[in-house]
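Each chain, letter by letter, is given below.
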Amino acid sequence: MSQEILRFAGIKKYFPVTKSPFSRREEFVHAVEALDLTIYRGECLGVVGESGSGKSTLGRLAIRLIEPTEGEVFYEGENISTMHAGELRRFRAKMQMIFQDPYSSLNPRMTIGDALAEAVKFHKIVSFAEVEDYVARLLSRVGLNPDYAQRYPRSLSGGQRQRVAIARALAVEPSLIVADEAVSALDVSIQAEILNLLQDIRRDRELTLLFISHDLSVVELMADRVLVLYLGRPMEVASAEAIYRNPRHPYTRALLAAAPSFEGEELSIEGEIPSPTSPPSGCVFRTRCPFAVDECAVNVPELREVAPGQFVACIRTEIAGETLSDAHGKSGGKDHHVELR
Amino acid sequence: MLTDPSRAATERDDGPNLLEVQDLRTYFATDERVLRAVDGVSLSVAAGEIMAIVGESGSGKTVTGMSIMRLLNPRTARFEGGSVQLRTRQGKVVDLLSLPEKEMRRIRGSEVSMIFQDPLTSLNPVFSIGDQIIEGILQHSEVSKADARLQAADLLSQVGLGEGKRLLMQYPHQLSGGMRQRVMIAIALSSNPQVLIADEPTTALDVTVQAQIVELLKRLARERGMGVIFVTHDLALVAKMADKVCVMYAGEVVEQGVAMEVFLRPQHPYTVALVGCIPHGPSEDRLTPIPGHAPDPLKGLVGCRFAERCQHALPKCVQGPIQLRAIEDRRAVRCVRVEELS
Amino acid sequence: MSTTTSTMTRQLRRLSRQPGTVVGLVISFIMLLIVAAPGLFTTVDPNEFDIMAVLSPPSREHWFGTDDVGRDIYSRVIYGTRVTLGIVLGSILLSALLGGILGLISGFYGKAVDMVCGRAVDVVLSFPPFILGVMITGILGPSTRNLVLALAIIYFPTFFRIARSGAMTEETKVYVEAVRSMGYPRTRILTRHVARNVFPSLAAQFMVVFPLALQIQAALSFLGLGIQPPTPDWGNILESGKNFLLGAPWMSFFPGLAILLAALATILLGRAAQRAADNQ
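Here the protein sequences come in this chain order: A, B and C.
Heads up: the first sequence runs through residues 0 to 340, numbered per numbering that gives the first Met the number 0.
Heads up: the second sequence runs through residues 0 to 341, numbered per numbering that gives the first Met the number 0.
Heads up: the third sequence runs through residues 0 to 279, numbered per numbering that gives the first Met the number 0.
In silico contact screen, one side only, chain A against chain B (beta carbon under 10 Å); selected entries:
1. S50
2. Q190
3. D199
4. S216
5. V217
6. V218
7. A256
8. A258
Derived from the structure by calculation, the hints contain no laboratory data.
These numbers were taken from a predicted model, which means no experiment stands behind them.
Quick reminder that beta carbons are idealized off the backbone N, C-alpha and C, glycines included.
Looking at chain A on its own, in the form it has when it is part of the complex (with noise of 0.2 Å):
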């Protein structure tokens, strides 16, 4: 039975909108919408949606980083939503962000060691005679000369850049890493360095990792389980393998096939992400599914679980045998090409 690292409570987190003056009414954005959910030690949970699902809010929320609206978060069965900063201080280095662009997310006028080694020293991971070469070892460990210490970012490049930032993670000794579309800003070949790193860095120090993207393909190759988010809300959760092999939410499915390396069904789903402001009644994703019945806009689906360790939050999960197509052949069928491969 896998310990529990890091559990979502009924988090919520809404963002107020600043309208103009004359307008009495407030709004909000609807980033994160009532989620619960575990992370286990030791694995590396993906979580996949596109703009407005919510991801980035999650991964901030998870080490707190921004404050949630509703809801706790529990790390290592400690409730940090509630903590002062005092008591936080100690929990933030056992839990780290690697941000999405490599070229802001580093001080532009600090060493790459002085940064490394305030890092160290304020947590006091090591003695002080020692951090010189903690920071060595360190920088040698994401793969970059030790002299780089004396260098400045703008003298990086992205990819470096990035594993300064991997480095920086690591200085303080966290045990879960959230990686905010780490790899998303950086070209192939060097996504493909970085992701190794990440891979080996994870299995030697046996760290849990939240792994957040729009990518899917890369989430494939990293993540034991996936969190796949629509407009705040989960629809699927599930093992990596299930949700690529076997994908039984609608909005799963809509997006492996609209991604470009997945072989499998092969349709295009109609419109765009409703406002976040104002979302959907009942199932968000009602509105571009092609699934979708009157029931659907009454209440919002529980995740259930269809196959063991997979859960959905659809109403219909009768529907898992029938493909895209036959869908949009009984609506009426929309423009589309279907091609069945």
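Fit chains B and C to the known structure of chain A by using the hints.
Below, chains B and C alone, put in the same frame as chain A:
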């Protein structure tokens, strides 16, 4: 039009080529040195065809598109030989590189149009969508403003934005990324161009929206007999949607052929390596990244530019210039060892 | 070794294409040298009267001529360099320091601190700089200390605003988010991470303000509200010549020239620094 083995390898049997780029060389002058961004690129696009240019950053793919449109700063960029031959709507063939700017302005946005990666910055935030489309229409035709408005609404529905009339009055920031990109396409189409150059049009979009835009481009190319040049870094996407592909590395085309074929059976070591970097199936396996990094574009290199990173490199690879050779029907590769390695 | 010489030659070649920068550097260097060692430039006592040579035009003995009591203008200008530049430099540094620190705190922490500082700054800004200077020195009395205070107050708002908006901008950047996730307290983030990124804009502003302050200081001294005679200062030397403009124009010309050159040098160097920063 000239014949050359690389082009013969990929020319369609039906229809003439709308655009033929022959040995394009775009060099940028810096303080004392020369940056050879595009160094001898040849490609062609036929009516209704989608030609993809694939490469990583620094490969020269974007500069190629910008060169065809002559959008580069003439003070820093210069063309060292080569030609870009366009077959106009009247059937005339002109070399875009040798046209005076005044003539080029008539071609640009009319016979050849371009759409870019980030529609938010490509569209003017202070003008309505309608104004911007109508401006595009009026630039290249002599219609009344009322007619232009009707055309604009029609264009919007052609790109899948059904309620064209209502949308005309909205502003760019009120639209989503996918919708903005469709508007960009509408503007680009307003003059009924022969060739559309799309520079990373879907990179900033969600994958489901990307699929829609790609479908749209395919349909428009087919229906209008328009040639599309699709510049991207995503080889997997290209395999699904393009007819032909040019893989670029360090300013050169290293492989050319039928898109799906190149993806499934890459021949050039770089293409092979690139395909190997794409996370494909669930695996315990590691990805195989390409060692080293792209060559310094300011340094003039002899022979194969990929040699220093290629596991199959031999001394003969860097001895002299390597030609792009047709190795089979509809495939050309720039590698002296390609036959031995396959 | 060859790479360092080639970078050096490249730098020199680049410099040669920027005559403005060279001029700025030369002037600054000379002036700093004058400040450091005025004795190198003149052996004449700036306060020594020579009744025989009152109001004499520039000659080999008195390069810049003499004033109405026979003092050598040249040596007065030389010794005045230290006084004038010292005052202006000192007060603007003070201004930048206070304005910068308060602006950073205001922009980074916001809320109450920001409101109070912001209002104070608005009050200061509501006065035209010169009038403000006259007010302060007029009320507090003309003295070196009050002159420095006046200049510092006049320019405080501009440094404050730059530091404040700089801090606010940096605060939204990803690297700040990254160090927050490291658990660093806000104070540390401000002092060790944000401050250094705001510093360049403050330095740039310093270069812009310096020539302006120089002129205001000269004007205040000219009005008699600044450095009190007999201590030579470009402003009061200029003032002492105002009644003799027709008869002995050299009395005001040379201190005026000195002010001009100092301002010019700062502007030229400021532009060069800006260009260098942009190129990075």
